[in-house]
Amino acid sequence: MARTRITWEAPRPGRFTIDDWEIDLPKTALLIVDMQRGYTDPELGVGPGLERDFPDIHRYYYSAIGERVLPGIKRLLAFARSRGLEAIYTRTGLQLPEGRDLAPWSWRAAQARSGVGNIFPKDSQEYQIVPDIAPLPHELVLDKNTATPFASTAIDQLLRNMGVENLLIAGLLTNVAVESTARSAGDRGYNPIVVCDACAAYSQAEHEDTLATASWWTAKDVDEVIGIFSALDQVDQP
Amino acid sequence: MKGVIPWQANSTWPHAVRELEIDLGKTGLVMVDVQNYSEKNAAIVPECVRLRDFFHRHGLEVIYLRVGSLLPGRRDMHAKRALSWMKPPGDVPAMVVHPGTWNHDVVDDLAPEPGELVIDKNSSGAFNSSGIERYLQAMGLQNLVFCGAATSRCVDNTARGAADRGYNVILVEDACIDPVQRNHCTTVRTFGDAFGAVKTTDEVLADLGTLAAGTPASIAGGE
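Here the protein sequences come in this chain order: A and B. Just add 17 to the spot in the first sequence (first one is 1) and you have the numbering used here. Just add 62 to the spot in the second sequence (first one is 1) and you have the numbering used here.
If you're looking for bench data, these hints aren't it; they were derived computationally from the structure. Yeah, the Cβ is synthetic: ideal placement off N, Cα and C, and Gly gets one too. Any given hint could turn out to be false.
[Stated by the list, open to error] Each computed SDA-like pair below joins lysine to any residue, with the alpha-carbon atoms no more than 25 Å apart:
#, chain 1, residue 1, chain 2, residue 2
1, A, Lys139, B, Pro76
2, A, Lys91, A, Leu42
3, B, Lys149, A, Trp38
4, A, Lys237, B, Arg244
5, B, Lys149, A, Phe33
6, B, Lys64, B, Arg227
[To be verified] Selected chain B positions facing chain A (Cβ under 7 Å, derived; list incomplete):
#, residue
7, Val79
8, Arg222
9, Gly228
10, Asn245
[Said to hold, decoys possible] Cβ-Cβ distance ranges computed for the label pairs, FRET-style:
#, chain 1, residue 1, chain 2, residue 2, range
11, A, His155, B, Ala71, 46 to 54 Å
12, A, Ala229, B, Gly202, 33 to 41 Å
13, B, Gly135, A, Ser141, 48 to 56 Å
14, B, Met157, A, Pro88, 44 to 52 Å
15, B, Asp153, A, Pro88, 41 to 49 Å
16, A, Ala19, B, Tyr197, 35 to 43 Å
17, A, Asp41, B, Leu133, 24 to 32 Å
18, A, Gln174, B, Gly202, 26 to 34 Å
With the rest of the complex left out, here is chain B:
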C-alpha cells in the first residue's frame, strides 16, 4: 500500500523533506549487527523484536547484517581494523568474532528464520564490504528501516550508504545503541537532517501501520 508518511518532520535542516510517499510493499527492515559479542545489545532487543514482528506480520523482508572477520585470524580485514577491532587495551587478545563462533551469531531473540537474508561483512558499512546492493535491488526494495548497533559506526555507515544510493531510510533511534551517547546523538542529528528520517519504534509502527491498514492520509484526506 502506497501512501504519504511524515519524513523529516521535526528537522531544523534547511533542506528537509517534510513528507514522502512510500510503498509499504517495497519496505525492508535492516538489522545491523545485533550479535552476541556485545552484551550492550540487550538494551535494544525489545524494540528490535517489535519491529521484526511487524515486518513478519505484514510479509515484509527482514535482512540481518553481521560484522566480524570472514576468516579466522582477520587476514581479510583492512589493517587498522585487523589490529584494533574488539580489542581491549594493553597486551590482551581481541575477541574472536567470525562465522561459526557464538560471538558472531545474531542474538537468540532475533535469530534469522529460514528463508531470510543474512549478510556478513568485515567492515562498518555493508556497502563497503558486501554485495548488499545487488540483493536490495533484486528484492525490489526502495525503503529501508534501520535498527541495531553501533549507531555512529556500523549503523551510520550502512544507513548513509543506503540513503546515498537512493533508498528511503528510516533510522529508528530507540532501536539503535552506541557505547558513546554523544556519538549516538551526533549520528541521529546528522542522519535526520541530511540523509533520511529518524523516528522512534512507536512512530515507525504507527506510520507503517497506517499504510498497512490501507488508509494513508493522502487517500483518506481527499480524491
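Only chain A is shown next, with the shape it has when bound in the complex:
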C-alpha cells in the first residue's frame, strides 16, 4: 500500500503525457516555504509598503493567507506529523548584516539596498516563522538567501540522505520561491507536489498562470493530498 499511483499532468496537445505516476508514500516530506512574519503579518515586512502603494495586492494577498494558506498549512502539518512524514521549513533573508552574503554587484544586493526589497535580516522579527506553524525542535529548518533552497542550502544532499523522493510544497509566493523550488526539485528527479490552495502569489492571475506552466511538478489541493496520503498508518507523535 505504500506505493500508489497519483494523477500527474494534464494532457498536452501533440505530446506524450504522464497521466499518472507511482510514488512511494512514506518517502515524502512536507516543505513549508518562507512562511515568515515579514510575508504573512500585514503589520510587518512587505505589509505596510503594499498597503500604501499596492492596495489591491495587499487586499488579495493577506486575505489569501488568512483564508486558505495558513489554515491549509496547519492541516498539512498536523496531518504530516500524524503520519510520520518529515516537515522541513525554509526561511529566506539576509544571512549577514548589510547583505554581505550577496554579491555586491548583483541585482539582489541592489534590491536589498533599495528599501523596496522583500528580503529581511536574519535577526529581525520579519525573519521568524509564523508562531502558529513553528517548527518543532527535531524538525529541519533551512536558511537561504535565494528563491530556491537548491541554490543556497544543502537540501539536495539532505533529502537524499533522508530518503525523500516526494515533496509536498506549500507557502509563499506561488510564482517565486514555491515555483523555483518545485522547478529545481522536479528537474533533479524528485516528485514535487505543489499544494496549491496552501500557496499564494500577489494576484490570483499569477497564482493560476504559474500552476498552468507546471514543469516536472504537479499541483493538488490540501484535500486531495490528505486523501492520497491517508493510506499511511497513523504514528505516535514524538
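Starting from the structure of chain A, add chain B where the hints point.
Only chain B this time, still in chain A's reference frame:
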C-alpha cells in the same frame, strides 16, 4: 565599460529594481537549446543572430547550452524525463537527441565557433544538470543575457537558476520562444518581476551599445 542601464523599468512588481549598474566586460550571452530538433526554433534565429553578432563584435563571451540525453537510451535522465521528453503521444518512439546526432546540434546559423563554451545538460535547468556555475565563475561573468527555447522550461529554469545565484540576468523576450504562448507570457512576467530584467533585442542592443560606446547615462549626465 561600466554604466547604469534601465532594469525592471516597466515592471509593476512592488519590489522592482528600476536601474542597475553593470559592467559590460563581465557580460555573457547564454543561448539556450537552439538546436535542430525543433523546427520552431527557426522563428527566433534572426534575433539570436543579432545578439550573438553584438557579443562577438565586442569580444564578449557566448555560451551555448544543448539539451538532450548524454547517453543513447536516456539512462542518464531522471525517470519522468526519460519516459516523456520529445515523445509524441501513443506508441511512437521519442526523438533521439544526444551528442553526435544532428538533432542535438545547435542550428547552423548559430553554430558555436572554436574557442566558445558549449555545455550539454540532460534536464531543463543547466544549474541542475551541468557544471555551468563553475565556468561562469571562472570566466568572471556577472551579467547574463538569455535567449533560446523553450521560454517556460529550459530558459526559465536556467535563467532563474542564474538570477538566484546573483547573476544579473536579462531575458530577451523576442529571442525566446515557447510552444504555448500563455506559458511564454507567464515566464516573461514572473521573471521580469521577481528575478531580472526582460527586454527586447532592440532594447538590449541599445542599452549594451551605450555602454560599449563609453557614454553611459551615469557618466554623461554628471561628475
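We went through each hint and held it up to the structure:
{"no.": "1", "hint": "Lys139/A to Pro76/B", "result": "22 Å, holds"}
{"no.": "2", "hint": "Lys91/A to Leu42/A", "result": "20 Å, holds"}
{"no.": "3", "hint": "Lys149/B to Trp38/A", "result": "17 Å, holds"}
{"no.": "4", "hint": "Lys237/A to Arg244/B", "result": "21 Å, holds"}
{"no.": "5", "hint": "Lys149/B to Phe33/A", "result": "5 Å, holds"}
{"no.": "6", "hint": "Lys64/B to Arg227/B", "result": "21 Å, holds"}
{"no.": "7", "hint": "Val79", "result": "5 Å, holds"}
{"no.": "8", "hint": "Arg222", "result": "5 Å, holds"}
{"no.": "9", "hint": "Gly228", "result": "4 Å, holds"}
{"no.": "10", "hint": "Asn245", "result": "5 Å, holds"}
{"no.": "11", "hint": "His155/A to Ala71/B: 46 to 54 Å", "result": "47 Å, holds"}
{"no.": "12", "hint": "Ala229/A to Gly202/B: 33 to 41 Å", "result": "38 Å, holds"}
{"no.": "13", "hint": "Gly135/B to Ser141/A: 48 to 56 Å", "result": "52 Å, holds"}
{"no.": "14", "hint": "Met157/B to Pro88/A: 44 to 52 Å", "result": "46 Å, holds"}
{"no.": "15", "hint": "Asp153/B to Pro88/A: 41 to 49 Å", "result": "45 Å, holds"}
{"no.": "16", "hint": "Ala19/A to Tyr197/B: 35 to 43 Å", "result": "42 Å, holds"}
{"no.": "17", "hint": "Asp41/A to Leu133/B: 24 to 32 Å", "result": "26 Å, holds"}
{"no.": "18", "hint": "Gln174/A to Gly202/B: 26 to 34 Å", "result": "28 Å, holds"}
Of the hints listed earlier, there is not a single one the structure fails to meet.
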